[in-house]
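There are 2 protein chains.
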Amino acid sequence: MPEQLPASYFIEGIERGDRVALGRAITLVESDLARDRHVARELLAGIRPPQNTFRIAVTGVPGAGKSSLIESLGQRFIRDNHRIAVLAVDPSSHLSGGSILGDKTRMPFLSSVDAAFVRPSPTRGRLGGVAESTAEAIRLCEAAGFDIVFVETVGVGQAEIDAVDVADLVLLVLIGGAGDELQGMKRGILEIADIVAINKADGPNSESAELARSTLQSIIRLMPETRPNWNRRILKCSTVTTDGIDDLFDCIATFRERVLASGHLPDNRSKQRLRRFHQSLIASLENEILGKPAVKALVERLAIQIQDGSVEPQDAAQEVLTRLFAPESKNTDV
Amino acid sequence: MPEQLPASYFIEGIERGDRVALGRAITLVESDLARDRHVARELLAGIRPPQNTFRIAVTGVPGAGKSSLIESLGQRFIRDNHRIAVLAVDPSSHLSGGSILGDKTRMPFLSSVDAAFVRPSPTRGRLGGVAESTAEAIRLCEAAGFDIVFVETVGVGQAEIDAVDVADLVLLVLIGGAGDELQGMKRGILEIADIVAINKADGPNSESAELARSTLQSIIRLMPETRPNWNRRILKCSTVTTDGIDDLFDCIATFRERVLASGHLPDNRSKQRLRRFHQSLIASLENEILGKPAVKALVERLAIQIQDGSVEPQDAAQEVLTRLFAPESKNTDV
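Chains as they are written, first to last, in this note's numbering: chain L, 1 to 334; chain G, 1 to 334.
To be clear, the hints were calculated from the coordinates, so they are not data collected in a lab. Computed from a predicted model, the values in this text were never measured in an experiment. Check each hint, because a few of them may be wrong.
For chains that are exact copies, the list does not tell them apart, and a pair is met inside one copy or across any two.
Here are the simulated EDC-like pairs of lysine to aspartate or glutamate, each with C-alpha atoms no more than 16 Å apart in a straight line [as the list claims (entries may be wrong)]: (1) 271 <-> 42; (2) 271 <-> 165; (3) 271 <-> 300; (4) 296 <-> 319; (5) 292 <-> 247; (6) 292 <-> 308; (7) 271 <-> 32; (8) 271 <-> 308; (9) 292 <-> 147.
In isolation and in its complexed conformation, chain L is listed as follows:
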């Protein structure tokens, strides 16, 4: 937690591309404290990130080699004069505050050049959720001049699925034996993947990688496309042999050009913001209302009656609503 600094410090620092100010600003938007949130709001309203940025969510099972893949892809983007930010989101782990070292060792190149900024994002789900603070961190990075932002997340839970919804492109990273791999993933992760990279397709894994590719190909035929003018792509690659990495990079570049050309990007992003607004609203409502002790107790009582069949689910829901909104009981019972 940094000492309280004014929004102007962060805004000016970020516009100068000051990495320390950027890092502190990200910590600020991750904070739940009201005083921090107050400054964060002013900060976010004060920055003007450019429009021509691109956000890539990289998700997949642990050990799929997401970081190495980002390292390889990032190098190529930098070669094309882009500046890269990497936000490693791991909501499922409450320990990965320490994973910054892990990230730096897994991305030695990106961790050592000025054209890249590597930073682990919060594990603590802020009230707005991981997606919320990640989305804000992305805008800070973009305002600081990093025009390609990678969001690395482990696709095992709803929080991760939400985190992916901040991206312009979803890259799912799997390894051979995809069947078993996918088992551990949150259902629906495959549906939202624009590109699937089957990584570690080298040496003894080549065969299972090919099997995974053909199986996934047949599955993907069954799914609606993720966007207009884009057919899901499945590619095999290896960060060890570098086979397929250039193809993957070209595929991402093609997707980016199409999206930027289509003009849909700002529209998609504001749709994402509206979705997060609604999710945040519902979550806060539940939390605010169903969190009250009197309501909790009522809900628990009713749950028992529902299970023994003496009350119907809908009638029980109605009873809670009545207790909440019937004028005479509003300030007494609940």
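With the hints as your guide, set chain G onto chain L.
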């Protein structure tokens, strides 16, 4: 809408197995009217359906031959001295009040024997949702002595997915060219299917049916099982040639024996009831609170600011909450 009858009329009628009373009781639980709901509550609390019943959801794309399949399976259950109820749920159609004729013609045997009761369920989503009134209709049928209840629904929307959650067994019916078929289905329908029947696997369709089977087999390998001690089954069948119908019936019978033997059935059912309670509660809360004109207007104002980037989604959500629950504004603004 029947004239207002006391709960005792329905309870006694249902316990006698009076089909007219049962039909009227189902109409009653489908009603949104407060006075009807009052009687319905008393009715549902007054019946004592036996525990050893079995609920089969039959879902799939329109034209997959669900009704003919139910007709064939129903005959076999009746042969084994079961009594069958069929509830045809079609929330996606607002016209299928007239589909009772359709159901009777598509199920001539079940529509003509005492051992079966065929009835279309509501199209109007009651506040509790289709699942809610369907679940109540099921209990009425069971109390009337129908121990095997089929719930037929078209798996194209969330309402249908919810409707499926009233069942002990989910049977998904597809036809050859499953790829294209699944496109039209709600995502997730495959995940919840215990048994997949590829129907119309006869004559010219045999080939595409086999292709569908093998494709689905490879997909299903990627999915977690639906229940402990059950591996998803995919079977081909034809109600025309009757090929595979006996196998399908045996598969369902095996599933039923396992579930009944496991003793999990009552537990699963009460979990379903709790889920419906929570869904109903959240839906009512949203409806009650976000439905207020003042709140709607505020949300719309904020949506514009979120899109132009001048407000962050989470801060907007917070503002709505504050307006709703800050004492000084509770009775004025909202």
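Outcome of the hint check:
In this homomeric assembly, residue 271 and residue 42 never come within 16 Å of each other (Cα to Cα): the closest approach is 22 Å inside a single copy and 46 Å across copies. For the homomeric pair residue 271 and residue 165, the shortest alpha-carbon distance inside one copy (10 Å) is at most 16 Å, but the shortest distance between copies (30 Å) is not. When the C-alpha separation of residue 271 and residue 300 is checked against a cutoff of 16 Å, the pair qualifies only between copies, where the shortest distance is 14 Å, while the shortest distance within a copy is 37 Å. For a Cα distance limit of 16 Å, the shortest separation of residue 296 from residue 319 inside one copy, 13 Å, qualifies, whereas the shortest one across copies, 24 Å, does not.
With identical chains, the CA atoms of residue 292 and residue 247 are never at most 16 Å apart, being 54 Å at best within one copy and 53 Å at best between copies. With identical chains, the CA atoms of residue 292 and residue 308 are never at most 16 Å apart, being 25 Å at best within one copy and 35 Å at best between copies. Taking the shortest Cα distances, residue 271 and residue 32 never come within 16 Å of each other, neither inside one copy (25 Å) nor across copies (34 Å). For a Cα distance limit of 16 Å, the shortest separation of residue 271 from residue 308 across copies, 11 Å, qualifies, whereas the shortest one inside one copy, 43 Å, does not.
Proximity of residue 292 to residue 147 under the C-alpha cut-off of 16 Å is found in neither arrangement, the shortest distances being 44 Å within a copy and 41 Å between copies.
This entry does not satisfy hints 1, 5, 6, 7 and 9, going by the numbered hints stated previously.
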